[in-house]
Amino acid sequence: MSSKVPGGEWHAKTLRAWQLAILRFAVTLDNADRLAVLAIASEIDRLGPQHDSRPAFGFFRRTSAELCAAILRPNELSSTVLRQHLARIDDDRLKRVFGAAIETDQPKVSLVGKPIKRDLGLWRGLSSPG
1 MSSKVPGGEW HAKTLRAWQL AILRFAVTLD NADRLAVLAI ASEIDRLGPQ HDSRPAFGFF
61 RRTSAELCAA ILRPNELSST VLRQHLARID DDRLKRVFGA AIETDQPKVS LVGKPIKRDL
121 GLWRGLSSPG
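Each residue of the sequence shown is one higher than the one before, starting from 1 at the first, in this note's numbering.
By construction, these hints were calculated from the structure, which means they are not laboratory data. There is no bait here: all hints are sound.
Listed next, the in silico SDA-like pairs over lysine to any residue satisfying Cα-Cα at most 20 Å (straight line):
#1 Lys13 - Asp90
#2 Lys13 - Ile89
#3 Lys95 - Leu15
#4 Lys13 - Leu23
#5 Lys13 - Gly58
#6 Lys13 - Asp45
#7 Lys13 - Asp91
#8 Lys95 - Thr80
#9 Lys95 - Val27
#10 Lys95 - Gln84
#11 Lys13 - Arg46
Note that this is a predicted model, so its numbers are computed, not measured.
Please construct the entire structure, taking both the sequences and the accompanying hints into account.
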């Protein structure tokens with residue numbers, strides 16, 4: 001197996017690593033995890049065009065900083081930032097887990113249907129045990 005990963009696959013894996021790093025930070029709130037998010041974001045942004053040895057593309061760094069701040073200090077504005085990020089996630093499992101980690105109002109899945117109606121007349125007509 002080659003250690004080289006084709007360009008498109010590398011981009012997809014790096015983006016996935018970034019999303020998982022954000023999820024990990026949302027769960028742990030650990031500064032080391034926040035720094036990991038920012039490191040991956042910087043790596044992705046470096047792929048864009050550069051001017052004067054500085055990356056011109058800063059979407060992932062900027063978005064990561066906004067997301068981390070929104071996770072740390074939830075409020076009305078941060079809720080919007082988190083929901084926008086949630087909407088960008090393509091993977092349904094990751095979307096559900098991230099939504100749970102940030103405690104969004106997601107539709108609740110009911111595991112139990114209607115309450116069971118107790119039929120007290122079930123044994124009516126049977127002879128009682130002796």
